[in-house]
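A.B. asks: Listed here are the chains, written in short residue letters.
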Amino acid sequence: MSAVIDPGHVGHGHAGHDHHHGPAKGLMRWVLTTNHKDIGTMYLWFSFAMFLLGGSMAMVIRAELFQPGLQIVQPEFFNQMTTMHGLIMVFGAVMPAFVGLANWMIPLMIGAPDMALPRMNNFSFWLLPAAFGLLVSTLFMEGGGPNFGWTFYAPLSTTYGPESTTFFIFAVHLMGISSIMGAINVVATILNLRAPGMTLMKMPLFVWTWLITGFLLIAVMPVLAGCVTMMLMDIHFGTSFFSAAGGGDPVLFQHVFWFFGHPEVYIMILPAFGAVSAIIPAFARKPLFGYTSMVYATAAIAFLSFVVWAHHMFTVGIPLTGQLFFMYATMLIAVPTGVKVFNWASTMWRGSMTFETPMLFSVAFVILFTIGGFSGLMLAIAPADFQYHDTYFVVAHFHYVLVPGAIFGIFASAYYWLPKWTGHMYDETLGKLHFWMSFVGMNLAFFPMHFVGLAGMPRRIPDYNMMFANFNMVSSIGAFMFGATQLLFLFIVIKCIRGGKPAPAKPWDGAEGLEWSVPSPAPYHTFSTPPEVK
Amino acid sequence: MSEGISTRALVSRLLVVVVVMFCFGVFVLPPFYDAMCRVFGINGKTADAYQGVQTQDDSRQVRVQFLATNAAGMLWSFGPTADELTVHPGEARDMLFIAHNPTDQPMSAQAVPSVSPARAAAFFHKTECFCFTQQVLQPGERIEMPVRFIVDRDLPKDVHHLTLGYTLFDITASKPPVAHVTLARAAQ
Amino acid sequence: MGLLLWLVFSSAHASWGVNMTPGATEVSRSVFDLHMTIFWICVVIGVIVFGAMFWSMLVHRRSVGQKPAHFHESTTVEILWTVVPLLILIVMAIPATKVLIDIYDTSESELDIQITGYQWKWHYKYLGEDVEFFSNMSTPRSQIENRSAKGEHYLLEVDEPMVVPVGTKVRFLITSADVIHSWWVPALAVKKDAIPGFINESWTRIEEPGIYRGQCTELCGKDHGFMPVVVEAKSKEDYADWLAERKQLAAAEKELTSKEWTMDELMVRGEKAYVTACAACHMPGGEGLPPMFPALKGSAIAVGPAKGHIDIVVNGKPGTSMAAFGKQLSEVDIAAIITYERNAWGNAVGDMVTPKDILAFKQAQE
Chain A
1 MSAVIDPGHV GHGHAGHDHH HGPAKGLMRW VLTTNHKDIG TMYLWFSFAM
51 FLLGGSMAMV IRAELFQPGL QIVQPEFFNQ MTTMHGLIMV FGAVMPAFVG
101 LANWMIPLMI GAPDMALPRM NNFSFWLLPA AFGLLVSTLF MEGGGPNFGW
151 TFYAPLSTTY GPESTTFFIF AVHLMGISSI MGAINVVATI LNLRAPGMTL
201 MKMPLFVWTW LITGFLLIAV MPVLAGCVTM MLMDIHFGTS FFSAAGGGDP
251 VLFQHVFWFF GHPEVYIMIL PAFGAVSAII PAFARKPLFG YTSMVYATAA
301 IAFLSFVVWA HHMFTVGIPL TGQLFFMYAT MLIAVPTGVK VFNWASTMWR
351 GSMTFETPML FSVAFVILFT IGGFSGLMLA IAPADFQYHD TYFVVAHFHY
401 VLVPGAIFGI FASAYYWLPK WTGHMYDETL GKLHFWMSFV GMNLAFFPMH
451 FVGLAGMPRR IPDYNMMFAN FNMVSSIGAF MFGATQLLFL FIVIKCIRGG
501 KPAPAKPWDG AEGLEWSVPS PAPYHTFSTP PEVK
Chain B
1 MSEGISTRAL VSRLLVVVVV MFCFGVFVLP PFYDAMCRVF GINGKTADAY
51 QGVQTQDDSR QVRVQFLATN AAGMLWSFGP TADELTVHPG EARDMLFIAH
101 NPTDQPMSAQ AVPSVSPARA AAFFHKTECF CFTQQVLQPG ERIEMPVRFI
151 VDRDLPKDVH HLTLGYTLFD ITASKPPVAH VTLARAAQ
Chain C
1 MGLLLWLVFS SAHASWGVNM TPGATEVSRS VFDLHMTIFW ICVVIGVIVF
51 GAMFWSMLVH RRSVGQKPAH FHESTTVEIL WTVVPLLILI VMAIPATKVL
101 IDIYDTSESE LDIQITGYQW KWHYKYLGED VEFFSNMSTP RSQIENRSAK
151 GEHYLLEVDE PMVVPVGTKV RFLITSADVI HSWWVPALAV KKDAIPGFIN
201 ESWTRIEEPG IYRGQCTELC GKDHGFMPVV VEAKSKEDYA DWLAERKQLA
251 AAEKELTSKE WTMDELMVRG EKAYVTACAA CHMPGGEGLP PMFPALKGSA
301 IAVGPAKGHI DIVVNGKPGT SMAAFGKQLS EVDIAAIITY ERNAWGNAVG
351 DMVTPKDILA FKQAQE
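Taken in order, these protein sequences are the chains called A, B and C.
Going by the numbering used here, the first residue of the first sequence is number 1, and it counts up by one from there.
Going by the numbering used here, the first residue of the second sequence is number 1, and it counts up by one from there.
Going by the numbering used here, the first residue of the third sequence is number 1, and it counts up by one from there.
These aren't lab readings, by the way, just hints derived from the structure by calculation.
Among the clues, some could well be false.
[Stated by the list, open to error] The calculated BS3-like cross-link candidates involving lysine-lysine, where the alpha carbons are at most 30 angstroms apart (straight line), are:
{"hint": "1", "chain 1": "C", "residue 1": "Lys297", "chain 2": "A", "residue 2": "Lys202"}
{"hint": "2", "chain 1": "B", "residue 1": "Lys157", "chain 2": "C", "residue 2": "Lys125"}
{"hint": "3", "chain 1": "C", "residue 1": "Lys356", "chain 2": "C", "residue 2": "Lys272"}
{"hint": "4", "chain 1": "A", "residue 1": "Lys506", "chain 2": "A", "residue 2": "Lys25"}
{"hint": "5", "chain 1": "B", "residue 1": "Lys157", "chain 2": "C", "residue 2": "Lys247"}
{"hint": "6", "chain 1": "B", "residue 1": "Lys126", "chain 2": "C", "residue 2": "Lys125"}
{"hint": "7", "chain 1": "C", "residue 1": "Lys327", "chain 2": "C", "residue 2": "Lys362"}
{"hint": "8", "chain 1": "C", "residue 1": "Lys297", "chain 2": "C", "residue 2": "Lys259"}
{"hint": "9", "chain 1": "C", "residue 1": "Lys327", "chain 2": "C", "residue 2": "Lys169"}
{"hint": "10", "chain 1": "C", "residue 1": "Lys169", "chain 2": "C", "residue 2": "Lys259"}
{"hint": "11", "chain 1": "C", "residue 1": "Lys247", "chain 2": "C", "residue 2": "Lys259"}
{"hint": "12", "chain 1": "C", "residue 1": "Lys125", "chain 2": "C", "residue 2": "Lys259"}
{"hint": "13", "chain 1": "C", "residue 1": "Lys362", "chain 2": "C", "residue 2": "Lys297"}
{"hint": "14", "chain 1": "C", "residue 1": "Lys317", "chain 2": "C", "residue 2": "Lys362"}
{"hint": "15", "chain 1": "C", "residue 1": "Lys356", "chain 2": "C", "residue 2": "Lys297"}
{"hint": "16", "chain 1": "C", "residue 1": "Lys307", "chain 2": "C", "residue 2": "Lys317"}
{"hint": "17", "chain 1": "C", "residue 1": "Lys234", "chain 2": "C", "residue 2": "Lys169"}
{"hint": "18", "chain 1": "C", "residue 1": "Lys307", "chain 2": "C", "residue 2": "Lys234"}
{"hint": "19", "chain 1": "C", "residue 1": "Lys125", "chain 2": "C", "residue 2": "Lys297"}
{"hint": "20", "chain 1": "B", "residue 1": "Lys157", "chain 2": "C", "residue 2": "Lys169"}
{"hint": "21", "chain 1": "C", "residue 1": "Lys362", "chain 2": "A", "residue 2": "Lys534"}
{"hint": "22", "chain 1": "A", "residue 1": "Lys506", "chain 2": "C", "residue 2": "Lys169"}
{"hint": "23", "chain 1": "C", "residue 1": "Lys125", "chain 2": "C", "residue 2": "Lys234"}
{"hint": "24", "chain 1": "C", "residue 1": "Lys67", "chain 2": "A", "residue 2": "Lys501"}
{"hint": "25", "chain 1": "B", "residue 1": "Lys126", "chain 2": "B", "residue 2": "Lys157"}
{"hint": "26", "chain 1": "C", "residue 1": "Lys67", "chain 2": "A", "residue 2": "Lys432"}
{"hint": "27", "chain 1": "C", "residue 1": "Lys297", "chain 2": "C", "residue 2": "Lys234"}
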């Protein structure tokens, strides 16, 4: 390992035109880097590693559910797998992937030389491996890792939790701090480092959605921190926030958790909205329809996300008026979400479309996310929710909004910007293969979950009656297919980094934005002199 | 660069938001939720000791049913002396619960009341209740624990039937419990 | 594509069933109707939106020589597609509100049953009737571990179902002794969380006699998947018979206590009762799941003095998952289980604990 790092060491950027120094050499480049592109790259690789780890846990779950009866794992380990799968995918895969995209693209999109707070940027990334190392290590502790679901409802996670819960809480604190610092950085960059002439209403939608996401993160991650802090105090310091015995209330936990949890859902989808709003116009060769209404719709969704949390709790025994309020408020979210979908469809309308991989993922995003939206609307209807709540119908719903929503949004972004990151075109044939296998696998895995849910299969169970067997087997086959396909993505990315057709500065003829005005690959330092935006 | 406040000022403001939201989660939400529960009877929670006096409403009667549940690990035998009473709204009535500690150790317990249907909880007043304090029983000791209650005259007309349930928790092992309300006050 | 799949499968046979069932009560039917109404509204919107998108994808592509248009906003259509969905939502909200108000009905009930969730079984108490019992899953371990063929009601069968009369408003008072559970019977459209320290209320009025099955739907720990709910609706006469029989059974159980038991009888009964009440945590082979659930095989308590063994089974162990079984099980079952534990899996104390010993132990505590 090369140990000597001279901060003044001068390397040369690939582009060679830049008068600034390039990256330092060796491993310490990555440890000490404050460059937004390096940090963005690390975020993206970390998130992909977590995606594979969380995905392999999903494979364990689907393998156990392949047939009725217990075959592979025991229930206690099954519960740890469902919990870890959820936590890793939410906090380890989706959120860091979006932070990675933000790090790479936001400075390029707004003509900034770097993020506003580069050293904090480095720190917020390096907290993540620590947090997830700690989280995963709990699996090897006596009594096992967290087994109470990613929603960790008290008292199952407090009075009845395993010994390792304290480490779990600490890990959540670390990821929370990392997210908050990341969000502050993004907000500060967007508000303060825009190139002259880049007014707010000229910003690309990805920047807009991230600005709103940043505010959501700043508002709700501290509430999550508060929530786990109260758990910690209940477990170790004799308080009774969530224990009825001491005058507390286990339902309070759910209110606090979902006050964080519902905005969190939008944190995981808004940046994908933004990315898709850049990609669809590029491949339809037509400007985005209704830019202004997109911005307002995003803001409306973010605002509404604060007043709908109790729709996750329709069965806990909320008074009728509360039930009605949360039902109506939740239904209202369909309006701004609908506006977005209509805008995307109108952007495609009378365009001149081609279907390269990013476009395929984006169109699938719009259609499948809308299906997830429909099941979301059904779930909003409180009396019907009594039948859907905590069944596989819910599992189907949130996988439809998160897999073709967040994950496809990330894939679309990755293919769209890979030429800019690596300087090479990815292999289009393999990219399309990746899309179609993911698309088929994903639908095969998650669509039948609607059926078993409606037929009465509760979520988070390791074994089930034979009446659910057929569709569970289909689900498992689809999940294995989806899981295996992601190794192809890894291959495509590595192939693209190592070589391929050189990418021009603007590889997509319909693309718009400042990021295409710098060469591909983007030099180590860009926009040291702010560009002029007309 | 665009005009506006400096990055340093912006970051400090955002950090203030972070701290405020954390405090909101820990110090504001729980007592606020608790207050909402007591006012609207969410979760069937009842208010603290009732001081008022009401006149009896002879025009109607309400069934009040009594439940007793032992939380897991609670070894006492615990139950009401009658399954239910029929009362007039406004009338003060008494009920006795019996608890017995069969173990060979002194134990302390906390009873947690809950009223169903939840929207009637705000209309169920306890003027005296063993649930206001902790109960300590010596080995083999048996006690009678009273509750005195008034069903409010304003109880919605379509409620004919109330259930008062107590869950008895063993709190011997825990330190004197600190309720979050007190904690929040201490922090202010 | 998904919607098409849905339609194709909707006529297929039971195990490929894709939809909710209308259920057995007025409420469950109105919930089902509501579900279908909203589903079809979503289908219509989906067909229009996706139809437009697919049309556009087929026609407006560069490969067919399409030149891009340049329009990018229209206040009129923006307002239109904000207002129209809003109106559709109002149309959905009206029946939803109506059904919700029906579900919150508080009219007088004829039968009240207290439902208490335990890790991992349900307890039913018929208020004012002096009848109460635990309802454990009765699917044998051998089926779960694939050592024998699975029955039709695999994982959805219990030793003692909740029995209710038809045509009667039954009120459920739902609570929990440990963690949060959720009591769900799809055919009744009743799903309510069981929360420790709090009582939740729900109700049903079943029209037809029959057996209705459900499960716990809130993650409650290890055996969350193994705590089914079974409700058996009987005619009013049959229900009255059942209730009388239940009361007699309780008396007969007392008689069994005074019977002279042999070691073999106790071992046979003990194995059966152990599998139902203890094996979930301590495992069928007594090896437990340390550290949460200690092994009984060779444990100091199981091979130590009988009194300590009786004490832990009857009174439980505070601060652990070990419940007090003194009230959950009959004297006969407790005696049989203790005898079994002391003499199975290589534990060979050789002594016998009889139901009378348990009764004496309990009386000494009183």
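A.B. asks: Now tell me if each hint is right for this structure.
C.D. replies: Going through the hints against the structure:
{"no.": "1", "hint": "C/Lys297 to A/Lys202", "verdict": "violated (72 angstroms)"}
{"no.": "2", "hint": "B/Lys157 to C/Lys125", "verdict": "holds (28 angstroms)"}
{"no.": "3", "hint": "C/Lys356 to C/Lys272", "verdict": "holds (20 angstroms)"}
{"no.": "4", "hint": "A/Lys506 to A/Lys25", "verdict": "holds (29 angstroms)"}
{"no.": "5", "hint": "B/Lys157 to C/Lys247", "verdict": "violated (36 angstroms)"}
{"no.": "6", "hint": "B/Lys126 to C/Lys125", "verdict": "holds (26 angstroms)"}
{"no.": "7", "hint": "C/Lys327 to C/Lys362", "verdict": "holds (10 angstroms)"}
{"no.": "8", "hint": "C/Lys297 to C/Lys259", "verdict": "holds (29 angstroms)"}
{"no.": "9", "hint": "C/Lys327 to C/Lys169", "verdict": "holds (29 angstroms)"}
{"no.": "10", "hint": "C/Lys169 to C/Lys259", "verdict": "violated (41 angstroms)"}
{"no.": "11", "hint": "C/Lys247 to C/Lys259", "verdict": "holds (19 angstroms)"}
{"no.": "12", "hint": "C/Lys125 to C/Lys259", "verdict": "holds (28 angstroms)"}
{"no.": "13", "hint": "C/Lys362 to C/Lys297", "verdict": "holds (26 angstroms)"}
{"no.": "14", "hint": "C/Lys317 to C/Lys362", "verdict": "holds (16 angstroms)"}
{"no.": "15", "hint": "C/Lys356 to C/Lys297", "verdict": "holds (25 angstroms)"}
{"no.": "16", "hint": "C/Lys307 to C/Lys317", "verdict": "holds (14 angstroms)"}
{"no.": "17", "hint": "C/Lys234 to C/Lys169", "verdict": "holds (13 angstroms)"}
{"no.": "18", "hint": "C/Lys307 to C/Lys234", "verdict": "violated (43 angstroms)"}
{"no.": "19", "hint": "C/Lys125 to C/Lys297", "verdict": "violated (34 angstroms)"}
{"no.": "20", "hint": "B/Lys157 to C/Lys169", "verdict": "holds (19 angstroms)"}
{"no.": "21", "hint": "C/Lys362 to A/Lys534", "verdict": "violated (89 angstroms)"}
{"no.": "22", "hint": "A/Lys506 to C/Lys169", "verdict": "violated (70 angstroms)"}
{"no.": "23", "hint": "C/Lys125 to C/Lys234", "verdict": "holds (17 angstroms)"}
{"no.": "24", "hint": "C/Lys67 to A/Lys501", "verdict": "holds (28 angstroms)"}
{"no.": "25", "hint": "B/Lys126 to B/Lys157", "verdict": "holds (20 angstroms)"}
{"no.": "26", "hint": "C/Lys67 to A/Lys432", "verdict": "holds (24 angstroms)"}
{"no.": "27", "hint": "C/Lys297 to C/Lys234", "verdict": "violated (43 angstroms)"}
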